[in-house]
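Q: Those sequence lines, one after another, are chains A and B.
Mapping of the first sequence onto numbering that gives the first Met the number 0: residues 0 to 468, in sequence order.
Mapping of the second sequence onto numbering that gives the first Met the number 0: residues 0 to 781, in sequence order.
Quick caveat, the hints were computed from the structure, so don't treat them as lab data.
One should not assume that every hint holds.
[Said to hold, decoys possible] Taking lysine-lysine and the BS3-like style, the derived pairs with C-alpha atoms no more than 25 Å apart in a straight line are:
#	chain 1	residue 1	chain 2	residue 2
1	B	K360	B	K325
2	B	K778	A	K260
3	A	K359	B	K141
4	A	K141	B	K749
5	A	K260	A	K232
6	A	K4	B	K710
7	B	K710	B	K749
8	A	K306	B	K220
9	B	K780	A	K232
10	A	K259	B	K595
11	B	K749	A	K232
12	A	K396	A	K366
13	A	K119	B	K555
14	B	K260	B	K239
15	B	K749	A	K4
16	A	K134	A	K52
17	B	K126	B	K260
18	B	K749	A	K124
19	B	K778	A	K259
20	A	K141	B	K710
21	A	K260	B	K595
22	B	K749	A	K134
23	A	K120	B	K724
24	A	K134	B	K724
25	A	K232	B	K710
[To be verified] Negatives, chain A to chain B, calculated, CB over 12 Å:
#	residue
26	E65
27	D83
28	A159
Bear in mind the structure is a predicted one, so any value in this text is a computation, not a measurement.
Cβ coordinates follow ideal geometry from the N, Cα and C atoms, glycine included.
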Amino acid sequence: MSMFKDIPVEVGVIYEGERIRRNDMQVELGGPTVKEKFELAKVLPMDAVEDGKITIIGPDLKDLKEGGAYPLGILVEAAGKTLDAGLEGVIERRIHGYLNYIEGFMHLNQRYDVWMRLGKKSFQKGMNSFEYIGKVLYRLFKSELPIIEKVQITFITDPAKISAMYPAAVADYEARDSKARGLKDSEVDTFYGCALCQSFAPSHVCVITPQRYSNCGAISWFDGKASASIDPKGPVFAIPRGEIINAEKGEFSGVNEAAKKRTMGEVTQVWLYTAFDHPHTSCGCFEAVTFYIPEVDGFGVVNRSFKGATVNGLPFSTIADSAAGGRQIDGFHGMSIEYMRSKKFFAADGGWNRVVWVPKEVKERVKEFIPADVVDKVATEEDATNIEALKTFLKAKNHPVVARWEAETAPAVETAAAEETVAAEGQMMPVMTAASLPIMAGGFKIILKDAKIYANKVIIKTVKDEKAK
Amino acid sequence: MTTKNVRVKIDEMKTNSGLIKNLELSVGKLVQDNYNEPMGPTPMPSMTTLRDWDMKLLNKYKPFYMPDCDLCCLCTFGKCDFTAGKRGACGLDIATQSSRIVMLACAIGSACHSAHSRHLVHSLIEKYGRNFRLDVGGMNTKVEAPVTRLVTGIKPETLGDLDDVLTYVEEQITQVLAVGHTGQEGCNLDFESKAMHVGMIDHVGMEVGDIAQISALGYPKSDPEAPLVKLGIASVDRTKPVIMCIGHNVMPSVGIIDYAKEHKVDEQIEVVGLCCTSHDMTRYYTRARIVGPISWELRFVRAGLADVVVLDEQCIRTDIYEEAAKVNAPVIAASEKNCMGFKNRTNDPADEIVSDLVSGKVQGVLILDPEKVGEVAVRVAQKVAPIRKRKNVLPSIEELQQIAKTCRQCNQCQRNCPQDYNIPAALKAAAQGDMSLLTDLYETCIGCGRCEEACPQKIMVHSLIVKAGEKAMYAENNLCRSGRGQVSDVEIRNVGSPIVLGEIPGIVAIVGCSNYPKGGKDVYDIAREFASRRYIVALSGCSAMSAGSYRNSEGKTIYEEFPGGFEAGGVLNVGSCVANSHIAGAAIKVANIFAKRPLRGNYEEIADYIHNRLGAVGLAWGAYSQKAAAIGAGFWRLGVPVIVGPHGVKYRRMLMGREDKPENWEVLDARTGNTVNVGPAPEHLFTVAETKEECMVAIAKLCIRPNDTWKGRSIKLSHYVDLSKRYLGVMPNDLHLFVRTMADVPMTMKDEFETILKANNWKETIIPDPTMLPRMVRKMKE
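Here chain B stands alone, though its shape is the one from the complex:
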C-alpha cells in the first residue's frame, strides 16, 4: 500500500515532553511494508551496482564479436569505417561499436516490454483501482514476484505497488539508452555490462505486466492443467465473421471479447489472434483461437480469412494495412505505439466509425479506447463478412502454373530469402505442374515476403507458396495449453529431490520468435526429445505455438502427451512474451525455496547460486527481435546459458567460454575457501547452434553444473553422450573434463569412459560447494 505526497503541518502543539511550533512534515511517499525479509545489499541497483558481477561473468565468457556491419552511421561525423582495426570519429572501434549495438537492442527490447506493462498497469488500475490485490497462484504461491523482489526489494501486493516498480524500471532504461549516445563509454565490457543490466530490468518489466494481467483479468494461476485451446488456421470456423488481432497487448482483445459476450454474439463470431496477443486472449477467454506465430500473418490475410484486422503493439508487419486493403478487410490500430498513419477516431461515435469502415470510406482507423475497439470491431466484422465473402488474393492452381512460367530464374528471390530456400527450383517445377517443392516451402517458410520484394517479375511468391500449401494450411488444427503463468512454490519444492538425485537432468526453456531455420517442426522435435528424456521443458510465445502444431504417432499434441506441470517430463506453456519472466522467476525461486537464500535486493548471491547449481538452459531457436535480445541478456546476468538458432549470429556477438583454458573454470569451495577447478560447467553463456541436432547436444551439455551430485552428473553425461552419438554420430571429445570422481561415470558406459579418462591423464577431484563470490565462503563456527 503506497500513499504519495503526505504533508502534516502543526502550528503549535504542547505535550508533556515538549513544545512543537510550526512543524511541517512532508513525506514524498508513505509505504506500508509487509515484507518481513531484511533488505539485501542491492535494492534497485543502478547501472554500476552489479558491474563487478557482470565482469566476473564476462571474464569467464569473453565476448566474441561477429559484426554484421563494419560501419556506423549514427552521428553526422560518419559514416565511420571500422575495418582493419580502425576507430571511428568518436573513438569507438568495432568491438565497442558491436557491444554498443547489443546494448541498444537490449534497451529497445526492454523498453518494449516495459511500455507494454506500463500500459497494462495503467489500464488495469483505471478499471480496478490501485488497491486491487495481486494473486498469481493462490495459496501455493507465496513468492508472487520473484524477479521484482530480487531486483527492487519491493514485494508488490496491489496493482498500485506495480506502479512504483515500473518507475524504477523506466528510469533504468532511460539511463541505459543515454549510454548509447555518441561519446559515452569507451570499453566494450562496460557496454556489455549495461546490456545485462537492461536485460535484468527487462525481466522485472515483463513480470510486472504479466502478474498484473494474471491477477486482474483472471488468467490461469500457476495452473499445470490450464485449458487446452485451439491452435491453427483450420481451427477457425470460416463460416463466421473473423476478427483477427495481431500483436502483444491484450487490452483491445479484451474489449472485443467483453463486447461480444455482453451482446451475446460471442458464439456467432470468431476472435482469433496471431503472435503473443493470441496467448493472452486464450488466457482470458478459452474460445479464442491461436492462429499461429507471427510468420502466419501474410498467409492468413492473403487467404482472405480475416474480416477485420486489429493491431495492438510489437512485431506487427507494418505493411499489413496494404495487405488487408487488397482483401477488403478493414484495419483498426489500437495502440499509441502503432498508429499506422490512421486518423484518430477515439472520440468519434461508434456508429460513425462502423459506417465509415463498412462502407469502405476509410480502410483503417486509430482507436485508443479498448472498449470502443471492441464495439467497432465486432459490429464491423458482422457487417463486412457477408460483403467481403472471404475475398482473397491467392491464385487458382491453374493461375499459379501460369504465373510460375513468368519466372526468369534470376535467383534474386533465393538470394533475398533469409533461409536461402531454393525458390527458383520450386517455381520451375510448378511451371511444369509439379507443386511438391512449393508445398514443401509452405512448411518451412517464415513468411517475411522478401522474395516478392526482390522479384523483377513482380511474382507474388509468398501467395504461390500459400496456395500450394493450402491443403496443409486447412489441416492445421491442433492444441496449445493456455499460458499457465508462474511456477508455484509447491511445484518447486516437488522437484527438489528429483533434481538432486538426477531424475530431472535439467530445465530447457524454449522461448521466442518463429524465425526458425527450417520451420517450427524443429522446435517440436527438440521439446519432445527433452520431455521424453524427463527434462523439464518450459515454452513461451511463438515457440509454444510451434511446439503445439504437430502430433505424435497416436495423434496427440505435445501438450496432451506430456503433463503441464514443472516436473520431470513436463511441458509447460508459461504464456506470452511477458511470461518469460516466470522462467527466470522459477530459477530464482529454487534458490529461495531450497536453500532459503534471501531474495530481497540480493541479486548477486542468487545469480551466483543459479549459475553454479541450476542446470537450466534457454533456447531461442527462432530469435529475431530486440525483445528476444533483452530476454536473453536477463538470463545471462543470472548466469543461465542461452542458445540461439543460426539467425542469432546476427545479434553480433556471443559469450563463449574456452574449454581449453583450465584457469577459466575455477570456483571457490564455500566449505573450505579452496579454489577448485570444476571444468567448463556451463561451457558458454551465449552461443549459436547451426542445426537442430547440434542444438540438442549443446542443450544437454550446457545443463552441467559444478554442484551436480554424482548421480545427477552421470545422468547428464548419459544424455550428452547419447545425443551426441545419436545425432552427430560421434563420442564427445571432452568427457574427461566433466568427470570428477568415478561415480560420475554413467554406469552403462564404464569401459568407454575408462579408456577416455586414461588417454587424457584424468585425475580425480572433489565436488565443491561452488561459488564465485569470496564473501560466500563459510567460516567454521566454534
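Pulled out of the complex, with its shape left as it was, chain A reads as follows:
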C-alpha cells in the first residue's frame, strides 16, 4: 500500500461495511449520545486554502479516554479553478466513503448525524491521531477528485468550538437543500445522463436534471455534475439541454438527441414530466414504479419493499415487470422516491393531483412535499385495497381526479395493455389425412368428408376480455 505506507493501518475498499461493536471500540465520535457534531465541506477561493494542512482543535484521539463518546466536527475546505459551491454536497458525502476505507474505522450517516467509531485493534496498531485520518482524506480527495486542486482539513473536538460552529453548519445544510430543491430544470443549460445500468440493461439511459433524480435514487444532478467533470469518458455524461421543445411535458432537444444516440435509436423522444406517450424509460433497479389506474384515471405508486398486492390487485413484481427493460411504456414509469419530492413530479399529468394510491411507508417519507390540499386525499393500503374501495374513498374525500370523472362521461381512456396476438406456433404441424379437403373461402362451400385431423398438441390461448374489468 504505497499510497498509505505511513498510515499505521490498512486503507482499502474492502473495509467498507466493516462494523465495530461497542466492546471492540476505542472511542465513539458523534453518534446518538452526542448532541452536537457535524461534517461540512466548503468551497473557498484558491488563496484561502493551504493545500495539505491538517488542523486539530481540541484533544487528539490518543487523549480521549477509552470507551467514551465525544463530539467531533470535520471541516473540509477545498479550492479549484472549476470548483463551485454547488459541489459542496458531493465533496462532503465522499467523507463517508473515504473514512470507511480505513481498517477499523466506522463511519455512519452524514451532516449533523455523523456517528463514527475507532476500533481498539487499530488504535493499538498506532492509529491514535486525527493526523492520519486527515492524511487519508487528503490523499483520496486529491487522487479521486482532480478538480480539487487544494484542500485543507480540520478536526474539532473542543466542545466549545463545536458549539460555536454548529449553528452555521446547520444553516449551511439548510441553505444548500433549499437551493438544490429550488433549482429548476429551466435554469440550467446542462443535464446529465447515466449509462451505468447499461452493463445489465443495455438499452436504458437515465436523464438526470435538477428536478429529476436518477431512477435508482442514487444520483442527483449535483452528483452527475461531479462525476461527469471528474471522468468525462465515464458512464455519467453531460447532456447539453438544448432548446425547450415543450415546457409542459418536459421535452428538450438535447435530451432527445442523447437518448437517440445512447439507445441506438430505440428511443427518440423523451418527455420528462409525464407518464404518457413518451415517458422516461425504466431500467431494472428503480426504487418505485408509477402505474396508471384507468378505472379512476389516476396514478398508483408502489415501491420495492411493499410486500402485498396493490390496489389494482397486482404486486410490485408484476407492475415492475411491465415497466422495466429500458422501454417506454405508456402509463408505467420506474422512478426514484426523491422524484416524488420534485415540483416536476408528473407535472404535465397533474402531479400529486393525479396520484390516488401510495403505500403508507412511501407517503410518510414524502408527506411534506405533497400539496396540503391533497395530502389526505391520497389513499394508502389502509384506506383501499381494491378499485371499488378506492373509488369510494376518492369520492368521499373529493380527490381532484373525481372532477375528471365527471368531465369525461364516456370511458375515454383506452387501456394500455399490449395486444395479445395469438402467436402462430411454427413448429406445430397438424397432420391432416383426407383424400381431398376443399376448404375455400368467399361463398364457396366447405366440405370435409372422411377427414381425419391429428395434432400432437393443440395450444389454446386465453384472450383477455378487455371489457371484463
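Given chain A, put chain B in place with the hints provided.
A: Frame of chain A; chain B shown alone:
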C-alpha cells in the same frame, strides 16, 4: 392445464357455410396456454440444438484432460489401453474416452435428480391431484420456474404441468445415455457438448422436483427469514427414541412426521436426518433435526444413536445395513432405487412388520408406501429404543488404547485414506495414551471407512476416531437456516443497483458434498470471508450444513451472523440438492428482470448474458458424486465458472482458459459490432483449487466480467488483490489484463497499479456491451 388424448367425431353436420361428414379430430394433447411471452428460438432443445453455443464455450475454455484411468473395460473387445496416444478397439482415444466418462457421469447425476423429481411429482399428484397449483414465492415471485421456462418454453402452473416437463427431461437423458454406448461419437468436443446438454437438463429436473415439493408440502417460499433449525449430533435428544433418515427423497420422512403428529407422539420421538433428506425434513417440519452431512453416517450409527434407520435414495452408504445390525437398529428401505436386498413388505399389515422388526426376526424390510413407512418407523422406534438402550460399538478409552497397541504401523490406512491423513502416527500416540492426534482427525475425517478395509489387523480405525472425538461430537449443537427455496423477483430487483455500482462484488454459490480436503471448517471460512466482503453467498446441501456447524467469536452461527436474503453480505441456504436449480434460476432471473430479456425457449441469449455480465461463481469444495458433476455441467452451459476442491480432479478434466492467449478473449460490442478484447473474464469455466486460500483468490478473480462498470471492476480488483496478498502473500501478476481504463484501478492502490501497468505496456481500452452472439449486435435505428 393439460388434457391428453382428446377425440371428437362428427358423423354429419350441416352449417350455413358447409357440410361436414365423418370428421374425426384427434388431439394428442390439449394445452391451455397462459404464457403470453412469444416462443423463443429453442424450446425443448435436442442434443444438437445448442451445440454451436457449447462449441463457442469449449473453444474459449478448451478441455484439459487428467485421466484417472488409462484403460477402458466397458465392452468385451477390451480392456483397451490408451497410453501413449493409443486408440481402443472402438477407435476412441484417451481424450474421447475421458470426455465420454464425464458425459456418462453427468447423465447418471441428471437421471438421479430427475428420477427423484419424477417420484415426487408422481406421489404429490396422487395425493393432491394434477390441478394442484404451484406456488413457490407468493406474490413477489412471478417467474416461478426460470430454468423450466428457459429450456422448455413451458410455464408450469400445476403439478400436472410438471409431468410434461419431466417427459422431455427423461427423453433427453435417455438420448445422452445412448451416446455412451460403444461406437457412438468420435470427437471429445461432442461428448463435452452432450455433457453440458444433460447438465442443463439436470437443472430442469431439479427445479421440477423442488417447486413441486415447495408448493405441495408447504416449505418456506422464497423466504429470507426461513426458520433456524437445529443442526448437529448434540442437538438430538438422546433420551427419546431416534428415527434417522438418510438420503434425498423426503416422502418417507413426511410419512413418519405425519404419522407421529397424527398420533400425538411427535414430541416423544426424535426425527433426524442425514444428507439432503434432512434439509427437506426441516423445510416440512421445523422440529426435525439435521444431524450433518453424509460423512456423519458411520459416526452416528456406530455411536448407537439411531434406533431405526430409514433409507430413501442417493448417496447412502450401501453397507449401512451391516453397520446398523451391529447396534441392533432395524433398517427400513423405502425407495425402489434402493431395496438393499430386503423383502418387499409393502402389502403386509403394519402390525406384522413392526413385530418382525422389534423381535429381531428380520433386521430390515422394504416398504414402498411412505405412509406405511411412517407408521412402522414410529412404532418400531418406540419399542426398540428401550430394548437397544443405545447399544453402540465404540470402545472405551482404555479399550481404545489397547486396540491402538495392535497397530503394526504398516501405513496401509494412510495409503488408503483419500485425504492421506497420518493415521499411523495418531494410533501410535493413542497407544501411549495421547488421544490428541486421533481427536484432531475427528474434525477432518470424511467418514469413508477405507482405513478399516485396508487394515491387516482389522482395527476399527473410524470407531477409534469417533471415540476420541466423542467430546466434540456431543458438543455439535448448531443452527442451519431451513432451505428457503427460490430467490424472489423482488430480491433480484433490489440487488440491481448494488451490483451495477459494485457494492456487491459477486455471487458465490457454495454447493455440494462433504468430500472436503480438510473438513467442513474450510467451507465455513470461505462462506464467512465472502459474506463479510459483501458478496452474496448461496449455499445448498451438505455445504449448507457444514457452513452452519461453526460459530464466530460471539457464539453466533453464520446464519445468525448474516441476513438470509439475496443481498450484499447475505448467506442463503436454498435447500437440498434439487434446490441448486434456484441458484441457476436466480442468474436467469437477473437477465429477465433487469434487461427484460425474453426467457421462453431462449437459452443461448440468456447464457450469453449471464456469461458476460453476471459475476457468479460456483464452488463445490467437497464434490464427490455424479450429481455434483451434472450440476456443474448445467452451470458451465450457462457460462458460470465452477471451482472444485482437490478431489475434483478425479472428474478427469477441467475447462481452463488461457490467460496468455489474447485471441481467446475477444467479444463483440453489441453497440458497434466491433471486436473488443476484454481479457480473461472469467478466466476458467471449470478449475481446481488445492487449498482454501487458493480457492478464495480464485473466487474473487472469477467474479470479473467484461461488462463490469468501472466502480464494480475496481471493487472486484480490490478484493482479488487483498485476498491474494493476505492468503498467498503475493501481488497478482495479471492485474494489467483486467484494467480497461484508469477508473478501474482501486482508488487506494493507484501507485502500485501504475507501476504494474507501465511494466506491462498497458493500453486503455473500452467497456463494451459484450456478447458472443453476432445476432445480438444492435443496429442503429433511423
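Q: Okay, which hints does this one fail, numbers in order?
A: Result: no hint breaks.
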